[in-house]
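Student: Quick note, the sequences are listed as chains A and B, same order. Its first residue numbered 1, the first sequence is counted upward by one per residue in our numbering. Its first residue numbered 1, the second sequence is counted upward by one per residue in our numbering.
Hints should not be assumed to be uniformly reliable.
Derived DSSO-like pairs: lysine-lysine, alpha-carbon spacing no greater than 27 Å straight-line [claimed, not checked]:
#, chain 1, residue 1, chain 2, residue 2
1, B, K36, A, K518
2, A, K81, B, K36
3, A, K58, B, K36
4, A, K518, B, K80
Covered stretches of chain B, as calculated for chain A (at least 3 residues, CB under 8 Å) [as the list claims (entries may be wrong)]:
#, stretch
5, 13–26
6, 36–49
7, 79–87
Pair ranges (Cβ atoms, derived) [to be verified]:
#, chain 1, residue 1, chain 2, residue 2, range
8, B, G84, A, A34, 24 to 32 Å
9, B, E16, A, E736, 23 to 31 Å
10, A, R31, B, E57, 29 to 37 Å
11, A, E272, B, S23, 49 to 57 Å
12, B, S23, A, P655, 30 to 38 Å
13, B, E35, A, V29, 24 to 32 Å
14, B, A83, A, Q575, 40 to 48 Å
15, A, K714, B, A83, 25 to 33 Å
16, B, G84, A, A470, 55 to 63 Å
17, B, E16, A, K58, 37 to 45 Å
Keep in mind the hints are simulated off the structure, nothing from the lab. Note that CB positions come from ideal geometry on N, CA and C, so glycine has one too.
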Amino acid sequence: MALSRREFLKRTAALTAASLVGMNLPLKVDRAQADADRWVRGTCRFCGVGCRVELGIKDGRPVAIRGVPQSRTNMGYLCMKGMLFYQLMRHPDRLTKPLYRESKKEKFREISWEEALSIAAKKFAESIKNHGPDSVAYYGSGQALTEETYLFQKIMRAGLRTNNVEGNPRLCMASAVGGYITSFGADEPIGSYADIEQAFCFFIIGSNMAEAHPVLFRRVMRRKLDNPREVTVINADPRRSPTSRIADIHLQFKPGTDLALLNAMAYVIVEEKLYNEDFLNNYCTFRVGKEKKEVSFEDYKKFISAYTPEKAADICGGNITPDLIRKVARIFATSPATMSLWTMGINQRIRGVWANNLIHNLHLLTGQLCRPGADSFSLTGQPNACGGVREGGGLCHILPGHRPVKVDKLRHEVEDLWGVPRGRIPAKPGYHTIAMFSAVNEGKIKAIWINCTSPAQSLPNCDKYRKGMAREDVFIIVTDIFPTKTTELANLILPTAFHFEKTGVFGCTERRSQLTLKAIDPPGEAKPEVWIAREWALKLAEELNDPVIKKCVEPFLGLEPGYELPKAIWTEYTQKLTAGRDNDLRGATYEVLQQLPDGVQWPAPTKEWALKGGTYKKFVRGLDPLADEHAIDEKPYQFYGPAHKDHKLWVWLRPYKGPAEEPDAEYPFYLSTGRVIDHWHTSSMTGRIKELMRANPYAYIEINPKDAQRLGIKPGDMVLVETRRGKNILPAKVYEGPMEGMVFVYWYDMAEDRMINRVTKDAFDPGSKEPEFKICACRIKRLSGPKPLKPYLVRL
Amino acid sequence: MPIGGFVVHVQPEEKEELLRELSRHPQVEVFGHDEKGHLIVVLETETSEEMEALVEELSRLRGVINFNLAYLHAEDEVKKIEAGEIKPEIRFHRLRPEESS
Ligand code: SF4
Chain A
1 MALSRREFLK RTAALTAASL VGMNLPLKVD RAQADADRWV RGTCRFCGVG CRVELGIKDG
61 RPVAIRGVPQ SRTNMGYLCM KGMLFYQLMR HPDRLTKPLY RESKKEKFRE ISWEEALSIA
121 AKKFAESIKN HGPDSVAYYG SGQALTEETY LFQKIMRAGL RTNNVEGNPR LCMASAVGGY
181 ITSFGADEPI GSYADIEQAF CFFIIGSNMA EAHPVLFRRV MRRKLDNPRE VTVINADPRR
241 SPTSRIADIH LQFKPGTDLA LLNAMAYVIV EEKLYNEDFL NNYCTFRVGK EKKEVSFEDY
301 KKFISAYTPE KAADICGGNI TPDLIRKVAR IFATSPATMS LWTMGINQRI RGVWANNLIH
361 NLHLLTGQLC RPGADSFSLT GQPNACGGVR EGGGLCHILP GHRPVKVDKL RHEVEDLWGV
421 PRGRIPAKPG YHTIAMFSAV NEGKIKAIWI NCTSPAQSLP NCDKYRKGMA REDVFIIVTD
481 IFPTKTTELA NLILPTAFHF EKTGVFGCTE RRSQLTLKAI DPPGEAKPEV WIAREWALKL
541 AEELNDPVIK KCVEPFLGLE PGYELPKAIW TEYTQKLTAG RDNDLRGATY EVLQQLPDGV
601 QWPAPTKEWA LKGGTYKKFV RGLDPLADEH AIDEKPYQFY GPAHKDHKLW VWLRPYKGPA
661 EEPDAEYPFY LSTGRVIDHW HTSSMTGRIK ELMRANPYAY IEINPKDAQR LGIKPGDMVL
721 VETRRGKNIL PAKVYEGPME GMVFVYWYDM AEDRMINRVT KDAFDPGSKE PEFKICACRI
781 KRLSGPKPLK PYLVRL
Chain B
1 MPIGGFVVHV QPEEKEELLR ELSRHPQVEV FGHDEKGHLI VVLETETSEE MEALVEELSR
61 LRGVINFNLA YLHAEDEVKK IEAGEIKPEI RFHRLRPEES S
């Protein structure tokens with residue numbers, strides 16, 4: 001009997017799910033029925049895990065998604081964020097026409113692409129003619145495709161002669177980059193997700209993985225459940241979260257005291273001789289200070305002797321005791337394989353690089369590295385922060401292929417590869433993010449292109465920077481798919497194609513490049529960024545009468561933008577710019593990426609190697625082709641990273657440093673921010689509030705029940721949050737999440753009252769230039785009882 | 001009506017109780033389970049927002065470790081969005097990946 005369509009779809013759903021765990025369901029479906037006409041393969045773009053997903057197309061519209069079971073990233077699993085594909089692709093609020101206004105006081109009017117590109121080129125050209133090349137800037141995104149970031153930065157650097165190329169990964173992972181380079185001599189993790197299934201101790205610090213990286217966390221949990229006695233999950237975080245609730249041990253410390261905790265763990269490892277002497281002798285040196293001076297293990301021991309567990313427990317507060325530090329250090333050091341995982345909680349600190357170094361130190365001291373399951377693994381928030389921005393040249397100080405701008409030889413290499421005259425790329429790095437928007441404030445930058453991100457909302461202390469963006473003498477171009485807080489400040493808005501409406505590569509957390517193919521056309525007149533950038537460059541060449549600008553896009557002229565154009569850009573980038581570099585991607589051609597279910601992990605210098613999936617573990621001979629190529633001796637590990645000429649890993653002597661702004665009598669609370677997958681309601685809410693929440697999802701302020709009681713704050717009450725920079729009014733969620741003396745706010749809400757970055761602090765790490773979003777001081781006060789709030793959306 | 005196929009990971013010792021609990025939900029159908037604590041669950045809701053909310057709610061049930069989407073079909077909803085019959089609230093920024101926090 002033929003099934004109803006509904007029944008057919010339900011069975012298909014069940015069978016697909018069952019196949020992931022190898023369960024046989026006694027269900028039949030009629031092969032003649034189809035849930036979709038075709039399935040197009042790509043990568044989910046809603047976080048940095050890089051789950052492989054297929055989009056089902058029927059009658060030209062996206063109707064279904066499913067995970068790719070053969071993928072080594074997600075094994076077919078997805079999280080609920082995947083649901084957004086449909087909604088975003090077919091949403092009536094999508095930007096579909098170029099919009100322009102001369103003055104920010106005017107209303108936008110629709111214009112043609114021809115006119116829009118001419119204006120974009122004229123404004124940049126004018127600025128360069130009158131104020132020099134450094135008066136223009138590009139601010140990109142870890143959500144842009146590698147082809148997009150690469151092409152924009154090429155035009156900016158070689159065409160317009162400025163290194164003012166930045167992107168939002170500065171805000172989320174610059175400290176991780178700094179940590180990897182200073183500790184291991186090369187950016188990006190040594191290991192892979194595949195280490196999860198071989199690890200025995202997980203040290204998760206400054207990350208709410210369960211919510212921010214759910215599909216990866218599933219792997220951690222599976223590992224734990226399958227080996228409940230052998231595997232230990234440790235979570236170190238000031239806030240109780242779904243991650244900490246599942247952990248065997250939760251270390252709850254005061255925000256900003258992580259450096260003390262990590263040094264104290266090292267103290268225990270040294271004191272109890274839990275270190276791996278062979279590993280240290282063979283592969284490590286000890287370093288200190290700006291001059292990177294080499295010191296001895298004895299010097300390190302002397303340095304670390306100041307961080308007794310007793311002293312650290314004092315600094316850390318929370319539930320940290322000397323015994324707990326000892327216990328955790330012992331498990332870390334003695335487990336057969338320890339894997340650390342972290343994200344913004346470690347990176348977004350005024351000493352984020354140091355915090356990264358101190359995690360790496362624990363791995364170096366104990367030799368918990370390079371073996372299966374042992375790794376020091378930084379997680380990424382965005383889908384292409386690694387691939388596009390870190391590898392593709394998307395920050396002001398790095399050129400494609402992990403080349404520092406200021407190294408003459410490498411800069412000239414890039415100029416030669418691009419066929420532009422030597423000296424074309426300036427030797428000086430451009431403005432980093434906070435400096436860039438400060439330069440906007442000061443009127444030094446006159447024209448800025450913001451692609452696929454919303455700095456008006458995501459910069460810390462954003463009111464300060466919105467003032468600059470609102471200046472009439474700063475021309476702002478925004479490319480995006482929806483109106484945002486930043487389009488509110490734009491002069492020219494260019495509508496872009498969304499994911500699966502264009503082709504290109506994302507590089508996820510584990511050095512893995514994966515291709516997403518165009519499945520459907522973008523709505524209205526929305527265009528892929530690579531087309532926009534190419535056409536803009538041609539107009540710039542005319543405006544500035546400069547053939548070198550044209551030279552930058554010459555290899556791409558006339559190519560069809562849906563596939564051929566991004567492919568040509570990827571080919572140039574991988575074959576020329578990554579050749580011989582540590583992120584060698586020459587084997588990862590579009591053809592190879594299309595053949596594999598899940599893409600390629602670099603180094604992948606040849607197609608043969610790439611077709612095997614690439615390199616699961618860097619630096620290990622036999623596993624990493626570059627480790628063999630660059631070997632200097634017979635040892636199994638070869639640390640050939642470009643930043644450490646001595647081929648060693650560096651253990652750093654980094655002192656304790658607290659946050660830039662600590663609570664005091666005037667502002668007695670720690671304010672921290674972050675994200676959650678979703679939060680419709682919590683069980684602690686009353687029925688009335690629950691209804692309110694369901695109807696109006698918006699940001700809350702999480703307050704510890706003890707603090708709430710002291711201040712007379714009840715669930716749903718409106719609370720005033722004040723810092724030295726401004727104030728927010730948010731409904732309260734009274735909840736055993738943040739520790740006492742700390743409040744926590746979700747950062748995504750666009751309503752002015754609830755936009756938390758209006759009050760966060762823009763102090764930044766002097767090394768990585770990454771701001772300390774995670775910590776500042778605030779005071780809170782109950783304003784009134786619950787109020788119905790409207791979710792806020794930007795409209796044009 | 002969106003239809004979603006999920007693998008739910010649960011603590012094996014809580015499985016029986018969870019199966020009873022899930023059978024009380026009209027939008028939930030359990031197609032199978034195994035001794036490792038995997039449940040094969042299909043949800044059917046009016047809108048995808050509702051499915052999101054339902055997943056949130058079910059994720060909080062005692063013994064649920066996590067809820068993984070394997071398959072989702074929402075043709076009707078897409079058609080309705082195209083026809084202007086429903087307009088999903090795009091909490092776009094909040095759903096953007098982790099940009100700064
Ligand atoms: S875990 Fe991240 S990449 Fe995977 S489905 Fe969820 S949002 Fe997408």
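Student: If a hint holds in the structure, say so; if it does not, say that too.
Tutor: Verification of the hints:
With a C-alpha separation of about 38 Å, the suggested pairing of B:K36 with A:K518 is violated against the 27 Å cut-off. Between A:K81 and B:K36, the direct Cα distance comes to roughly 26 Å. Compliance with the 27 Å bound is thereby established for this hinted pair. Straight-line distance between C-alpha atoms of A:K58 and B:K36 comes to about 36 Å, which puts the hinted pair past the 27 Å bound. Between A:K518 and B:K80 the CA atoms are separated by roughly 23 Å; this keeps the pair inside 27 Å, and the hint holds.
Counting residues of the stretch 13–26 of chain B whose CB lies closer than 8 Å to any CB of chain A gives 0, which falls below the minimum of 3, so the coverage claim is violated. Counting residues of the stretch 36–49 of chain B whose CB lies closer than 8 Å to any CB of chain A gives 8, which reaches the minimum of 3, so the coverage claim holds. Judged by the Cβ-Cβ criterion of 8 Å, the stretch 79–87 of chain B is covered by chain A as claimed, because 5 of its residues qualify and three suffice. Distance hint for B:G84 and A:A34: a CB-CB separation of about 27 Å, consistent with the stated range 24 to 32 Å.
As the Cβ distance of B:E16 to A:E736 is approximately 29 Å, the hint placing it in 23 to 31 Å holds. A:R31 and B:E57 have their C-beta atoms about 35 Å apart, which keeps the hinted 29 to 37 Å range intact. Roughly 53 Å separates the CB atoms of A:E272 and B:S23, a value that falls within the hinted 49 to 57 Å. As the Cβ distance of B:S23 to A:P655 is approximately 58 Å, the hint placing it in 30 to 38 Å is violated.
A beta carbon spacing of about 26 Å between B:E35 and A:V29 agrees with the range 24 to 32 Å that was offered as a hint. The supplied range of 40 to 48 Å is met by B:A83 and A:Q575, whose beta-carbon atoms lie about 46 Å from each other. The hinted window of 25 to 33 Å between A:K714 and B:A83 is violated, with their beta carbons roughly 43 Å apart. One distance hint, 55 to 63 Å for the beta-carbon pair B:G84 and A:A470, is violated here, with the actual separation near 34 Å.
In this structure, B:E16 and A:K58 meet the distance hint of 37 to 45 Å, their C-beta atoms being roughly 39 Å apart.
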